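Colleague: Residue numbers 1 to 64, in the UniProt record's numbering, belong to the letters of the sequence shown in order.
Hints are computed from structural coordinates only; laboratory data are not their basis.
Be aware that a few hints might be false.
Taking lysine to aspartate or glutamate and the DMTMM-like style, the derived pairs with C-alpha atoms no more than 25 angstroms apart in a straight line are [as the list claims (entries may be wrong)]:
#	residue 1	residue 2
1	K4	D44
2	K41	D10
3	K21	D10
4	K21	E35
5	K41	E27
Label-pair ranges, simulated between beta-carbon atoms [claimed, not checked]:
#	residue 1	residue 2	range
6	A61	I33	44 to 54 angstroms
7	E35	A14	13 to 23 angstroms
8	L63	K21	31 to 41 angstroms
9	P64	P42	16 to 26 angstroms
10	V29	L2	15 to 25 angstroms
11	H57	S19	33 to 43 angstroms
12	N49	Q26	30 to 40 angstroms
Predicted model, so just to flag it, every value in this text is computed and none were measured.
Ideal Cβ placement from N, Cα and C applies to all residues, glycine included.
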Amino acid sequence: ILFKYNIQHDCCQAGCIASGKWAVLQEHVESGITETYIEHKPLDIFLINAHSFHNAHLIQAILP
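Sequences and hints are given; from them, build the entire structure.
Modeller: Shown next, in the form of structure tokens:
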């Protein structure tokens, strides 16, 4: 391990949408209410979280 970093899936470019649904539980019982969730689509492009770039030189050294 050379260093720690944080990357995120690029939902915008992949076209991920809130198309999944699951039942809301109340006290371990289905309530009849559903919520949507994001169904991620496969994409081999990621965003590097640049909030604190204390190791930017290390990241730059390994990127093509």
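Colleague: None of the hints should be skipped; say for each whether it holds.
Modeller: Do the hints match the structure? See the list:
With a C-alpha separation of about 20 angstroms, the suggested pair K4 and D44 falls inside the 25 angstroms cut-off, and the hint holds. Pair hint K41 plus D10 holds up; C-alpha atoms about 10 angstroms apart against a cutoff of 25 angstroms. For the given pair, K21 sits about 21 angstroms from D10 by alpha-carbon distance, which is consistent with the 25 angstroms threshold. Of the supplied pair hints, the one linking K21 and E35 holds, its CA atoms being roughly 6 angstroms apart against a limit of 25 angstroms.
Annotation: proposed proximity of K41 to E27 is violated, straight-line Cα distance about 32 angstroms (limit 25 angstroms). At roughly 50 angstroms, the beta-carbon separation of A61 and I33 lies within the given 44 to 54 angstroms, and the hint holds. At about 21 angstroms, the CB distance of E35 to A14 agrees with the hint of 13 to 23 angstroms. At roughly 38 angstroms, the beta-carbon separation of L63 and K21 lies within the given 31 to 41 angstroms, and the hint holds.
As the Cβ distance of P64 to P42 is approximately 21 angstroms, the hint placing it in 16 to 26 angstroms holds. A C-beta distance of roughly 48 angstroms is found between V29 and L2, which places it outside the suggested range of 15 to 25 angstroms. A beta carbon spacing of about 40 angstroms between H57 and S19 agrees with the range 33 to 43 angstroms that was offered as a hint. Judged by the Cβ atoms, the range 30 to 40 angstroms given for N49 and Q26 holds: they are separated by roughly 35 angstroms.
When the structure is compared with the earlier hints, violations turn up for hints 5, 10 and for no others.
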